[in-house]
Amino acid sequence: MPHSTVTDPVAPSSPTEEDSVLPDAPPHAVDEVKEEREEADENEQEDGDTIREAPKADVKLEDIFNDDDEDDDEFSSSGAATAKVESSPPAAPLQLAPAAKYTDPEVMLAFYQRLFPFRYLFQWLNHSMKPSNDFGHREFAFTLQNDAYLRYQSFPTGDLLRKDILRLNPSRFEIGPVYTANPRDRKTLRKSTAFRPIAKELVFDIDLTDYDEIRTCCDKANICHKCWSFVTMAIKVVDAALREDFGFEHIMWVYSGRRGAHAWISDKRARNMDDQKRKALAGYLELIKGGAQSGKRVNVKRPLHPHLARSLDILKDHFQRDILEDQDPWAEPQKAERLLQLLPDKALNDALRKKWDTAPGRSSTSKWADIDALAKSGASKTLDGKALLDAKQDIVLEYTYPRLDVEVSKKQIHLLKSPFVIHPKTGRVCVPIDTRRLAKFDPLGVPTVTELLGEIDEYDGRDLREEGEGKKAQDYEKTSLKPYVDYFRSYVAGLLKDEKGVKREREDDDAMEF
Amino acid sequence: MIRQDYNRIDPKRRSTLDHKKKQFATPTYKQQEYPHRLNLYEIPPTAEITLEQFEQWAIDRLRILAELEACSFRNKTLTETAAYITPLLQKWLPLHSNSSSSAGAQDENLKLERQKDHYSHFILRLAFSSTEDLRRRFARIECSLFKLRFQNDDARERQAFVESLQLDWEVVSEEEKRTLATDLQNATPGLRKQEVEEGGWFKVDFETVPELVESRRVFLKRGKAYVPVREQMSMVLAGFNERVDKGLELAARALPRLDEDDRLTPILNHLSRNFATPDSTLSDSDSALPGAPINAASIDHLSQHFPLCMRNLYMTLRKNSHLKHFGRLQYTLFLKGIGLTLEDCLIFWRQAFKLITDDTFNKEYRYNVRHAYGEVGGDATRRGRGYSPFSCQKILTEHPPGSGESHGCPYRHFSADNLTTLLQTTGVNDRDVLRGVKEDVEKKRYHIACNRVFDWYVHF
Ligand SMILES: [Zn+2]
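Line by line, the protein sequences give chains A and B. Here the working numbering is used: the first residue of the first sequence is 20, the next is one more, and so on. Here the working numbering is used: the first residue of the second sequence is 85, the next is one more, and so on.
Just to be clear, a hint being listed does not mean it is correct.
Residues on chain A that point at chain B, a partial pick, calculated with CB under 10 Å [unchecked claim]:
1. Ala167
2. Asp229
3. Glu232
4. Ala260
5. Arg290
6. Gln295
7. Ala299
8. Tyr303
9. Val317
10. Asp332
11. Arg340
12. Asp347
13. Pro348
14. Ala350
15. Pro352
A short list of chain A residues far from chain B (calculated; beta carbon distances all over 10 Å) [as the list claims (entries may be wrong)]:
16. Cys237
17. Gly314
18. Lys395
19. Lys400
No wet-lab data here; the hints were simulated from the structure. The C-beta atom is built at its ideal place from N, Cα and C for all residues, glycine as well.
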């Protein structure tokens, strides 16, 4: 692999070493800086849903500091890369030791070898069956078992990607943009400007840690069914806007393996958007801005923009059930004070406070109902009904509207973890989420890699006993991964079908011109 | 000679391949016609000019761009900027409308003005295409200049100019307008009901109006943006912006070939140097500032004199023994700017992060501090002294703080109540000052608010 760069992402020890990384680099290439990553601080640790930014012609300091998304200590204790892999390892029964953990290299390897849907991944990124630059000039980045990070990997075909993954057995890998040239050739190009990203899926990232100030059930990396509903709400709202407002059709949502979800939009128009357009789209969807210090977080103009009116419509039932009942955010008096801060009328607030003081532990549902009840009873002479209604809508939005990590969406060059990789902390597969059955999706029921491998063994054992005839099942079909792979396959088929149409149109266009 | 150089970066070559852009592809090898006062600068100059003109025209335009950029750093409003810049434009880069002369566009003076405007834009485009930073700044200021001129243009001539652009706008039918009336009204701020019904509406791809999309001021339906006639300007601006960006990229690719011409290169280099980052001068004076030396231990004491953004970072750091990455970056560069050495800065951060081990610090934070000082990263020749402290402009406009982050400008990023509390915590109790700050902030005059507090400290 003459072009791959292996750097230890953790600690460069001397300037000489750092400078030696890129002796032949064009003056603007600064890959090694980008590859320097800081381990996330304990209190700002985020998901393993790593998003990294590839280098631009000119490195910006903030990009180098922009590392709080990182969470790369998973393998800090797993030692050096031990995977000695032949190019085609034998597909023998797995017989994992009962204690085999998903962090074991052999488990990862068996997963890539037997379950990972490389074929559909290829088609998804290539937009056709026939290998093209959409795939060949696409960057992949591997995180190896020893935490080394390989940028700018690229492969002419899905098979070659698979081969290299089996050889290197990365603990996970990420997908970047399609470049003007093959990423492996970037250093041989005479000018750094000749190598730049030209297309990538539009992506979104939802992470439950962004909800920590309003979620009461869990915090940090933990999730439960109650707080997963935040993700459900976010998916509904964003998905509706992407389809109805922007006209996108090929949207795939993927569970990030622990506490969030990613969206990948593959419409040609979305893939070709430059950063300015991505930023505009992210801004359109972003509502909750500002740090913890900025007081009332939502202050939207009236009348509500149709996108917000639709979102509110989607969200208001969730608010009643998922927020008031499940999260119960204002049960305690000091938390109820936060609710009062968001309401506009002082006299009404005084009346509410008085009522709540006499009933400690009154539920959020009741408190929310008290607002209208006391307002109607004439508790305030100064009350402006419209202002109260607006404030209540703002509150619903503040507690339910998607909190997107928009930085991820703004740049073509960001890398995002591939679907179907294993989340290193949970062992769960990053499976696609079928939005037609969104409410049924259970993140805690997503199969882990060890479960899946066990299912294969069990199936094969049964198969042997029964001496079954007929078509031999593929490995994924023997496991609970099957519905997810099937969904992915049919999603990709739909994308390819439309893409064919697009191509034909383009050809017709050309034909008319000449 | 000069003409040849321009031919090399001729964006026409690309646009002729695109049938949609054919209208711009009329080859012109002599004096160009300038039927309109405004110019999207799509066609590079082709006529010969003298070296003196080359340099003088570029310098004149540069003056204007520098003044415009200064206005934006000082957060001047569009009206204030226009008032300030108009006399300067008259002097250095006048550009009159057709109606100003009885001969109209044929007037020789008008032709010359337009030629100068046209050529100077292209010369600077070339001069500032070398780095991403310069390109971004150039594009930004050129857009403000264009916007100013567009707004001041004679209404009829402006309309003629817009029509000449042949943008891809589809008129919304009366029937569709009626069906969508409520959505159009709700999505488009500041329109009376009557205007919605009677005004003209265009349907364009949402990509054409990023500004309107980003601020949610337009109705979107299945990829189309519904734009009222009065938003034409933002669409034209977007078109201008896009063309300048593309042109700069092409120029950057052509630049290395220009090295062969030893007459132009020194002029171009000189021009771009004159456009250096305003705050980079700071890092040039390495010599210590007068007064007592600054070291890690004196930061505690000194911090009471820091501007509020840095004070806030300092207080957060002391409270949490930690700062998130943009906070660390903003504060590190500030400390560097006031003269703290790298060694002391490392000591400072090591001591401030009380909750982590030396090992963690060395692994996770040391590198970034060193990088900020230009010790590591990039290649040695380009590294220089690392980065300049953030300008107010940068702090105000880039990377607004998110949850749990403390960087940014408190005057801009804090709610009024929290800002007042913060000011009071830092000892600002004067009611007049607090009220003044509140008014400044409401008018988005963050610099003035900051200066007001500073003045108060000085006279206290
Ligand atoms: Zn929970």
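query = Of the hints given before, which are not true for this structure?
reply = 1, 5, 9, 10, 11, 12, 13, 14, 15, 17
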